[in-house]
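Chemist: Sequence:
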Amino acid sequence: MAAEVEGTRKRGAAAFLDDPFEVLLQAKRGRRSPSAAAAAVADLGIGMEFDPVVALQEIFPGAEPQLLRGYLEASGNVLDAAIRSFRDYLASDSATTNAGTSTSGVASDAPVMNAPANSTEWADLIVKEMSSASDLNDARNRAFRILEMFGKSTANCSTPNEAQKMREENKILKQMLGGLLQQSSILKRAVVIQHNRLNDYKNMVQERSQFNETVAKYQQRIKELQGMNDLLSFHLRRANQQSSISGRRNPDVF
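Under this note's numbering, the first residue of the sequence shown carries the number 11, and numbering increases by one thereafter.
Hints listed in this document are in silico derivations from the structure and should not be mistaken for laboratory results. One or more of the hints may lead you astray.
Here are the simulated DSSO-like cross-link-like pairs (lysine-lysine), alpha carbons at most 27 Å apart as the crow flies [to be verified]:
# : residue 1 : residue 2
1 : 212       : 138
2 : 175       : 198
3 : 198       : 212
4 : 181       : 198
5 : 198       : 138
6 : 198       : 162
Here are the simulated distance ranges between beta carbons [said to hold, decoys possible]:
#  : residue 1 : residue 2 : range
7  : 178       : 65        : 44 to 54 Å
8  : 250       : 212       : 36 to 46 Å
9  : 171       : 144       : 35 to 45 Å
10 : 216       : 252       : 53 to 63 Å
11 : 70        : 201       : 54 to 64 Å
Just so it is clear, CB atoms sit at the ideal spot from N, CA and C, and this is done for glycine as well.
Given only the sequences and the hints, what does the whole structure look like? Please build it.
Modeler: If you want it as structure tokens, here you go:
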């Protein structure tokens with residue numbers, strides 16, 4: 011009887027060791043080790059890379075990928091900055107659309123940007139828009155609109171040669187836009203520095219004016235003291251002369 015119980019225990023232990031769920035238990039224990047988890051993910055063929063453009067598409071499902079990528083690159087590949095910039099763009103675009111709808115019965119005098127035909131016209135358009143920007147945010151919005159227009163014109167290409175040419179022009183335009191945005195940032199910092207220098211100069215001029223007023227007051231005081239000194243000297247000479255005359259007089263003569 012004891013032998014049968016011992017055999018049953020051995021068979022139960024063997025059956026437990028041969029249980030296929032032991033693999034899952036080992037996998038769960040392997041989660042405690044980063045290398046084991048990475049190896050398991052690699053065996054399953056799952057990529058660990060994160061694409062910010064895909065994340066932007068999930069947030070803005072109706073936007074074009076090229077436009078989102080342009081916003082991301084213009085924001086320095088910072089996802090939060092790209093989200094804020096694109097939301098500002100959508101808000102400004104919505105405001106423009108509402109304004110156009112409310113004035114649909116009135117002819118608009120605002121010029122409409124037509125898609126340029128070659129790289130020279132694109133460059134002229136970029137320079138014109140950047141020169142017309144009032145500040146850095148306006149320049150960024152204008153750059154995004156140019157990228158959006160360029161993406162739409164690229165999508166309309168019918169032949170592979172035209173598509174390749176547009177991609178090359180797109181690369182050149184992105185480089186130009188990046189340089190212009192960097193120059194705008196540098197100019198903005200230069201304006202701030204110049205403004206601070208002007209404030210310092212104004213303070214120096216004000217201090218110099220106050221110093222000149224103080225010097226003028228002291229000079230006037232010096233002149234007054236010199237006049238008082240001359241007057242006292244005159245009275246002192248007269249007193250000395252009178253004392254010398256009274257000292258030479260005969261004491262018997264009254």
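Chemist: Next step is simple, just say for each hint if it's right about the structure.
Modeler: Comparing the hints with the structure gives:
{"no.": "1", "hint": "212 with 138", "result": "violated, 35 Å"}
{"no.": "2", "hint": "175 with 198", "result": "violated, 34 Å"}
{"no.": "3", "hint": "198 with 212", "result": "holds, 21 Å"}
{"no.": "4", "hint": "181 with 198", "result": "holds, 26 Å"}
{"no.": "5", "hint": "198 with 138", "result": "holds, 18 Å"}
{"no.": "6", "hint": "198 with 162", "result": "violated, 31 Å"}
{"no.": "7", "hint": "178 with 65: 44 to 54 Å", "result": "violated, 28 Å"}
{"no.": "8", "hint": "250 with 212: 36 to 46 Å", "result": "violated, 57 Å"}
{"no.": "9", "hint": "171 with 144: 35 to 45 Å", "result": "holds, 39 Å"}
{"no.": "10", "hint": "216 with 252: 53 to 63 Å", "result": "holds, 55 Å"}
{"no.": "11", "hint": "70 with 201: 54 to 64 Å", "result": "violated, 33 Å"}
Going down the numbered hints, you'll see the structure goes against 1, 2, 6, 7, 8 and 11, while the others check out.
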